[in-house]
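**Q** Residues per chain are reported as follows:
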Amino acid sequence: MSAAKSTFADRLLGRVRLGGLLSLAAPILAVVFAGLITSVVLLITGAPPLETLGIMVDYGVQPRSIVLALNLASGFYLSAIAVAIGFRMNLFNIGVDGQYRLAALVAAAFGASITLPAPLHIAAVVLVAMLVGAGWASIAGLLKVRRGVSEVISTIMLNAIATALGSWLLNKDRLAVEVAGSNNIGTKPLGPSAQVSGIALIPGSPLKVNGLIILAVAVGVLYYVVLNRTRFGFDLRATGRSEPAAVASGVNVKRMVLIAMALSGAVAGLAGMPILLGESYSYSLQFPLGLGFTGIAIALLGRNNPVGIAFGAMLWAFLDVSSNILQLHEISPEIVQIMQGTIVLSVIVAYELVHRYQISAEQRRVSSELAGGTQVRAEGASA
Amino acid sequence: MAIRTEGAVISTSTPAVELEGITKRFPGVVANRDISLSVQQGHVHAVVGENGAGKSTLMKILYGMQRPDEGEIRVNGKAATFRSPADAIAVGIGMVHQHFMLADNLTVLENVILGSEPRAGGVAIDFGTARRRIRQISDSYGLGVDPDALVEDLGVGARQRVEILKVLYRGARILILDEPTAVLVPQEVNELFENLRGLVREGLTIIFISHKLDEVLSVADAITVIRRGTTVAEVSPEDVTARRLAELMVGSELPSPQTRESAVTDVVALSVRGLTVRSEDGRAVVDGVGFDIRRGEVLGIAGVEGNGQAELVEAVMGMRPAEGEVLLGDKDISAWPTLRRREAGIGYIPEDRHRHGLLLEAPLWENRILGHQTRRPNVRGPWIDRAGARRDTERIVEEYDVRTPGIDVDAAALSGGNQQKLIVGREMSGEPVFLIASHPTRGVDVGAQAAIWDHLRAARAAGLAVLLISADLDELIGLSDTLKVILRGRVVADVDPRTVTPEQLGSAMTGAGEAA
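The listed protein sequences derive, respectively, from chains B and V.
Residue 383, in full-length UniProt numbering, is where the first sequence stops; the numbers in between run on with no holes.
Residue 516, in full-length UniProt numbering, is where the second sequence stops; the numbers in between run on with no holes.
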């Protein structure tokens, strides 16, 4: 069987340059697989799978749902890019969650305490968020460089510390005030000059798309350009692919760790901005949690590719939004979380399989292309 | 001689191993096709071929690590199919790997029984029985292995004997030795050959993989030559000269590393003074080493691996903290980071190209940038100059004869020799003034080896200063203008490469020369 398989591979793919199609196959297969698993779960819970998925799709493609999904996706996207920056260098920034929450809280308080002309005010709030995110992430970077502490451990712990620090700060004695008409507390609302208005992007819905979607797109483009077209990006990717090779090539790996961690934290700081500047205008107890962890899943889903992450973020947001309808049909909305979980797991497996396959297919291709020419050139060399 | 006659007597019986029409399509550059091999019982059967000819693949097939796509394996006349090494061990085939697979912090006994521990009372390990059996095997084959020695205290030769013993302990009657002499100095090679003779005298069969012809001629009873993945000749050592064997292997004449005339000038390119590198526990692994390399000079460092060569190189590259002075020309670069040293014109062919020399999962043109990411034609200011880097990669592929279908394939897809040619081409570009060549031709085929030697010679003639580290004594003697021997981190001898023999060099490397 193994003989037949490799011959088949030789013929079918050995000589064919693998394009992007094969890498697209992985996520699609994974989503289909996740659909199957979800169907099984639905069957067990007694809901009809096809019908349920149909309901979700019907609801999800309504203009209103698309706007909601896009708004959710902006934050997801920024968070995932923050994670991806670390991933490209083999740094696991699990702390995006703490970084964006702390950044949003401080930025919200700062933004409410000043008044500036509109674009400046927004820029100042964004800048503060980035600085706080970068600063918080840098603690993990410093610990790694100075003391060899694994960033996985330190960022997880820093998440817990950020939570505690956030609760301490979000207190009426410090940054918080009572939110009018509720027993919620939050920072003072941002003035109008720091509120970003929405864009009427999707026809057929009165809801507007969060204006900070532009920021997300810009960060995506910047991410691509910096990583793929600059020296710094090359050094970062080289370090991620092989640290010893990067060291031998003259990359100062410690410095790269510090910079990459700070950059990741800065982008993480942006993850809360679409909600803060475009929706809630203050940081309250109701500020959404867990964006950072969603970002990890989406970065994996999108394979650290800016376009892939965009698709991943949209898929995730779409699932989140369409889960709202399930309750009306007396289906537990947690089914969506099961689906999201299986998608991530199966995508990772599928990517790994495709990746291994690609490597060996390329080796085959090289050897088969060389097999013809080698003879001639070698004889020539010996003459 | 004695073995040979004995072998001839036994050879009337069934061959110990027969391979027929073995074909393996394998990811990588070399495949096996239509290999036939017949090994007589009680023979040392050598399988020779240049690096990358497919010897290792063949042996992996025989040891069950790879499955052939076509062909038949017969052991002692019976057809065999191996799904894993366990199947091969079951029919009495054992393999001694080129790289030892021993746990340093365990004793010989523990290493030997690891994975096939004799049980006492169902749970406990029966150390007594194991110790007796190991002693018995060691005595009957003259291996001289002490079961209670700690592996980390053993030398390379002794470790190899432990590996052999490990295989014998599992009941192997057919031993595959993959390049067993690659890690040994000449004296240890002779001891190994004595052991091998002892083994065949007891009726064992040995398949000996090598590309060192003099060794093969001195120890083998029969020789099979592999070239480009297939068996091209079956010869007897009496009827063949080393030169003829080499021609069979390469299909052309064997290149020699002989440098022609000296190109050494008076201008010192690199000067190292009192260089000391300490390990984490404060021990000096490089101890007060000093030397000058002039323009046009190749300084060779000979030494058994692990005597501080790697640390010395990394210290000169600025990859490892060190005490002492390193001067490039008249500039003191001791405090410079690696990048600045590279920019000042130090080229670096690293010992382990996969770890230090390449990004395996990146295309060739990105690998061209590695180590040169601040210089044209790879970058323009902070931007990567894709077009420039790609053009220059094309140039390297052309000038250095890197066999690849294009510059967009990943480095991992190339054979070792072609990867190395790419590295050499890269490190030679940007007009370096000083080059560190660490095992520049290790694991590359003869063709690539000759090409790399030519490039080194040409660069040397053009005034390049080279620090050459190598385990290949012929290469060291042939290419170097000056030779220093390093032992336990110290330079212990200066040797004239024009007069020294590999044996003398080998003695100096092991410290035997000190006493003499």
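In case anyone wonders, no lab produced these hints; they're calculated from the structure.
Given the structure is predicted, the values throughout are model-derived calculations rather than measurements.
Heads up, the beta-carbon is just placed ideally off N, CA and C, and yes, glycines get one too.
Don't take each hint at face value.
No more than 25 Å apart at the CA atoms, straight line, and that leaves these computed lysine to any residue pairs for SDA-like [unchecked claim]:
1. B:K254 x V:H455
2. V:K484 x V:D266
3. V:K78 x V:T14
4. B:K254 x B:R237
5. B:K254 x V:G345
6. B:K254 x V:V409
7. V:K331 x B:R237
8. B:K254 x V:W383
9. V:K78 x V:G155
10. V:K484 x V:H455
11. B:K254 x V:D266
Restraint ranges, calculated between C-beta atoms of paired labels, are given here [said to hold, decoys possible]:
12. V:G406 x B:R64: 45 to 51 Å
13. V:S84 x B:Q327: 17 to 23 Å
14. B:S197 x V:A387: 38 to 44 Å
15. V:D332 x B:V225: 37 to 43 Å
16. V:G406 x B:Q327: 51 to 57 Å
17. B:V57 x V:G406: 39 to 45 Å
Residues of chain B placed beyond 12 Å of chain V at every Cβ, according to the derived structure [to be verified]:
18. S39
19. V225
20. F293
**Q** Take the hints in turn and mark each one as holding or not.
**A** Going down the list of hints, with the structure as the test:
| no. | hint | result |
| --- | --- | --- |
| 1 | B:K254 x V:H455 | 35 Å, violated |
| 2 | V:K484 x V:D266 | 19 Å, holds |
| 3 | V:K78 x V:T14 | 10 Å, holds |
| 4 | B:K254 x B:R237 | 14 Å, holds |
| 5 | B:K254 x V:G345 | 24 Å, holds |
| 6 | B:K254 x V:V409 | 30 Å, violated |
| 7 | V:K331 x B:R237 | 32 Å, violated |
| 8 | B:K254 x V:W383 | 22 Å, holds |
| 9 | V:K78 x V:G155 | 39 Å, violated |
| 10 | V:K484 x V:H455 | 22 Å, holds |
| 11 | B:K254 x V:D266 | 40 Å, violated |
| 12 | V:G406 x B:R64: 45 to 51 Å | 50 Å, holds |
| 13 | V:S84 x B:Q327: 17 to 23 Å | 53 Å, violated |
| 14 | B:S197 x V:A387: 38 to 44 Å | 43 Å, holds |
| 15 | V:D332 x B:V225: 37 to 43 Å | 39 Å, holds |
| 16 | V:G406 x B:Q327: 51 to 57 Å | 55 Å, holds |
| 17 | B:V57 x V:G406: 39 to 45 Å | 43 Å, holds |
| 18 | S39 | 36 Å, holds |
| 19 | V225 | 9 Å, violated |
| 20 | F293 | 28 Å, holds |
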